[in-house]
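Visitor: Once you've looked at the hints, dock chain G against the given chain D.
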Amino acid sequence: MSNTFSLKRRKGFEKPMQVDTNQICEIIEKHGYQSSALIGILQDIQERMNYLPRKALLHVSRSLDIPLTNIYEVATFYKAFSLEPKGRHTLQVCLGTACHVRGGARILSYLENLLEVKAGGTTKDLSFTLESVNCLGACALGPVMVIDRKYFGRIHIDKIEPILKKYRDK
Amino acid sequence: MNHRVKTISGLRRMRQSLQSSRDGGRRSLAVCAGTGCQACGARDVVEALKKIHRDLDLESKIEIRATGCHGFCERGPLVVIRPEMICYMNVKPEDASEILTATVLQGRVIDHLLYEDPSTKEKIVHEHDIPFYKFQRRVVFGSNGKIDPKEIDDYIAIGGYQGLEKVLSSIKPEGVIDIIKRSGLRGRGGGGFPAGLKWETCRKAGGREKFVICNADEGDPGAYMDRSLLEGNPHSVIEGMIIGAYAIGAEEGYVYVRNEYPLAVENLRLAIEQAKEYGLLGQNILGSGLNLNIRINRGGGAFVCGESTALMASLEGRVGEPRAKYIHTVEQGLWDQPTNLNNVETWANVPIIIHQGAEWFASLGTEGSKGTKIFSLVGKINNTGLVEVEMGISLRKIIFEIGGGIPGGKRFKAVQTGGPSGGCLPENLLDLPVDFDRLQEAGSMMGSGGMIVMDEDNCMVDMARYFVRFLQEESCGKCTPCREGLDQMAEILNRICEGEGRSQDLGLLEDLSQTMIDTSLCGLGLTAPNPVLSTLRYFGEEYETHIKEKKCPARFCRELISFSIDPEKCTGCGACVKVCPVEAIIGEKKKVHQLDEEKCVKCRGCYEACKFDAVLIQ
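So the sequences go chain by chain: D and G. Numbering follows our numbering, with no gaps: position 106 of the first sequence is 106. Take any residue in the second sequence, note its place counting from 1, add 1000, and you have its number in our numbering.
One chain only, chain D, in its complex shape:
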């Protein structure tokens, strides 16, 4: 699966976010301390903190009495989770079939060259995380690029740079 099981911090990253255990407690409580809600809990943590910090996972493990290995099993199985901090902006390129036949892969490789990062990685300055996704269901607009849930349809290679510019310094 796409997540790498690496707990080491990558060079160039800033200090990881301080983990506020109260926030984690709140999330677990919202899900009623149910171990079956593990995926939902991890989704909420990911959404709040932009990744799954080890400290947070330890806390979930203790609170729900689930072995940490099981939590890592789930966290590395599903694509939605990341064990490393993500960039300020998430840039997704759709590689669904409709986008593929309209050149989605070329958009991705163009971005990989431009940002000097492979799909799944984060740029050194932590401004973008580049991801490929399998169909966003906006097939009529293909090829589609999404930045922080904003859709850019019928994207052309020469349209990309001006769009990224707006996000770079934000």
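Hints in this document: simulated from the structure, not taken from any laboratory. Hints may contain errors.
Computed spacing ranges between beta-carbons, pair by pair [said to hold, decoys possible]:
hint	chain 1	residue 1	chain 2	residue 2	range
1	D	Leu-68	G	Leu-1197	41 to 47 Å
2	D	Ser-35	G	Ile-1617	52 to 58 Å
3	G	Asn-1284	D	Pro-67	37 to 43 Å
4	G	Asp-1437	D	Lys-166	48 to 54 Å
5	G	Ser-1503	D	Gln-34	54 to 60 Å
6	D	Lys-86	G	Arg-1043	23 to 29 Å
7	D	Tyr-167	G	Lys-1599	23 to 29 Å
8	D	His-156	G	Ser-1097	30 to 36 Å
9	D	Asn-70	G	Glu-1331	25 to 31 Å
10	G	Glu-1266	D	Arg-62	31 to 37 Å
11	G	Phe-1193	D	Gln-34	29 to 35 Å
Residues on chain D that point at chain G, a partial pick, calculated with CB under 7 Å [to be verified]:
hint	residue
12	Ile-39
13	Val-74
14	Phe-77
15	Tyr-78
16	Lys-79
17	Ala-98
18	Arg-106
19	Tyr-110
20	Ala-138
21	Asp-158
Cβ coordinates follow ideal geometry from the N, Cα and C atoms, glycine included.
Guide: Using the frame of chain D, we list chain G on its own:
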């Protein structure tokens, strides 16, 4: 305010009062606010319309409604004015004032917002006259344009929850199952299993409690009808599930929906809340003694979770790995209890069947496939969008009459149905009827309804590689044939696309495919070879050309093509220089440019940017 409806007749009275307060005289204006149109700026159009609506005080003349997907995503944002059904396309916020003053107040149709027939250049005013809509049969999807998905009253006013009313007042659970069986409804998620039979087995299974699940983990790339149904008409799915729960004897329901569909999750959540408030969900529904709670679970982005046993494992908070199905999920599913799982479109069909009758439904379609099917018609096609057609219609009619054919005067090459489990069908099979069994005989399948059209520029070996790579990434890895088989297939296909293919490779692909079909654990592995086998069957010569001549006939595979600039055609405009990410193109302004093949990464940026066709691919 307490909206709770306590009795069946109470719901009937409520519908009547809603209908009479919304007498047919008042006009309405529907703006499509599905994900596709929103990406084109539909929200701004709604805001602009609402502002002018307020400023001109048009409250008594017309109501404005942001609805779910109308289907014609290619031309969004769409605006439809009822009752005339005037249809405007590619509407911009600037058009809002003209629409309200000219069309609504003065009754004048705005020419430049109308659909123009590409061949005759004739403008078409009414939605039902546009070829894209004309040949469709919108039974399930048709209500999307009439209702605001965030308002339960809208759904009730157009006859929503009438099916539930009928079931609770006069039909026994066994009777409901009998109706579904007689209707011939088959699962719309891909397999096409008869829904009534599934319900019956689940009802008869013993167990502490029973569950109904709606599979909205629509993972097939190129398919988005389930999302549009959930976004545009969530109550139809909820109503279907309540009827199903009544028939089966379940008290708990789950909707497992992709996390990539935020709008669908939002609209569904709101719909469930409203249904609870009205007493249509929860304890003692409409005073009938029926209890049902529906919960939403968001998926974690794993394609394999669309498989029923994997989905149930994921609902239990575990890794989404399928299990062998010698015990069916209708007997032992979620938490080992009898569980009935259907997909979104199947559930949405249920209230319609109950309301209109099994015989009516069975009169639509073919011998083995009844009713209609929604397809997402995408790829190299003029009219991209969602289309609902009666089963049995030919692929040709969908692609050329509804879809308007292939853009740019290119030649049709293949149509892919059934997602990664389906296959690619060539031109000589275009007259094949859309039917579960006929598609399967041809080496493809109905699937959940993705229909991806490809033209002469698409390489079929690359398509096979695309699907195999997709599945390689999505295979959960539990069983060896799927995990290792896909790895090997990907390696072989990659080799062929890179011009390193060997003569024995095609035989090897067939052997691998057969092994996977014979031994894989779940549907993902069992059907994974379909894209490879179908392209081998219908486009074998393309594989041969890749292997023997080291050429890609579609000029697509990167390793087998090279780029150059035609000095005769190059005007020196510099457009290609700007897009090249690796500075492989040099040249002064207004002088012929040169392309350095050593540096070129073959991204095609220059080819697409050049307006003079001066970039050549060989």
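Visitor: Next, verify each hint and record whether it holds.
Guide: A quick look at each hint next to the structure:
1. Roughly 44 Å separates the CB atoms of D:Leu-68 and G:Leu-1197, a value that falls within the hinted 41 to 47 Å.
2. For the pair D:Ser-35 and G:Ile-1617, the beta carbons lie near 56 Å from each other, so the given range of 52 to 58 Å is met.
3. Distance hint for G:Asn-1284 and D:Pro-67: a CB-CB separation of about 41 Å, consistent with the stated range 37 to 43 Å.
4. The beta-carbon spacing between G:Asp-1437 and D:Lys-166, approximately 52 Å, falls within the hinted interval of 48 to 54 Å.
5. Between G:Ser-1503 and D:Gln-34 the Cβ separation comes to about 57 Å, which falls inside the hinted range of 54 to 60 Å.
6. D:Lys-86 and G:Arg-1043 have their C-beta atoms about 26 Å apart, which keeps the hinted 23 to 29 Å range intact.
7. Range check, D:Tyr-167 to G:Lys-1599: Cβ separation about 28 Å, and the 23 to 29 Å hint holds.
8. The given range of 30 to 36 Å is respected by D:His-156 and G:Ser-1097, whose C-beta atoms sit roughly 31 Å from each other.
9. Checked against the given bound of 25 to 31 Å, the beta carbons of D:Asn-70 and G:Glu-1331, roughly 27 Å apart, stay inside it.
10. In this structure the hint that G:Glu-1266 and D:Arg-62 lie 31 to 37 Å apart at CB holds, the actual value being about 33 Å.
11. In this structure, G:Phe-1193 and D:Gln-34 meet the distance hint of 29 to 35 Å, their C-beta atoms being roughly 31 Å apart.
12. Given the 7 Å rule on beta carbons, the hint for D:Ile-39 holds: about 5 Å separates it from the nearest Cβ of chain G.
13. At its closest, the beta carbon of D:Val-74 sits 6 Å from a beta carbon of chain G; the interface hint therefore holds under the 7 Å criterion.
14. Because the beta carbon of D:Phe-77 sits about 5 Å from the nearest beta carbon in chain G, less than 7 Å, this interface hint is met.
15. Given hint, D:Tyr-78 at the interface with chain G, holds; its Cβ is 3 Å from that chain's nearest Cβ, closer than 7 Å.
16. The interface hint given for D:Lys-79 holds, since its Cβ lies 4 Å from the closest Cβ of chain G, which is under the 7 Å cut-off.
17. Interface restraint check: D:Ala-98 against chain G, minimum CB-CB distance 4 Å, threshold 7 Å, status holds.
18. This hint holds: D:Arg-106 has a C-beta 5 Å from the nearest C-beta of chain G, less than the 7 Å allowed.
19. For D:Tyr-110, the suggested interface contact is upheld, since its CB lies about 5 Å from the closest CB of chain G, less than 7 Å.
20. Interface restraint check: D:Ala-138 against chain G, minimum CB-CB distance 6 Å, threshold 7 Å, status holds.
21. This hint holds: D:Asp-158 has a C-beta 5 Å from the nearest C-beta of chain G, less than the 7 Å allowed.
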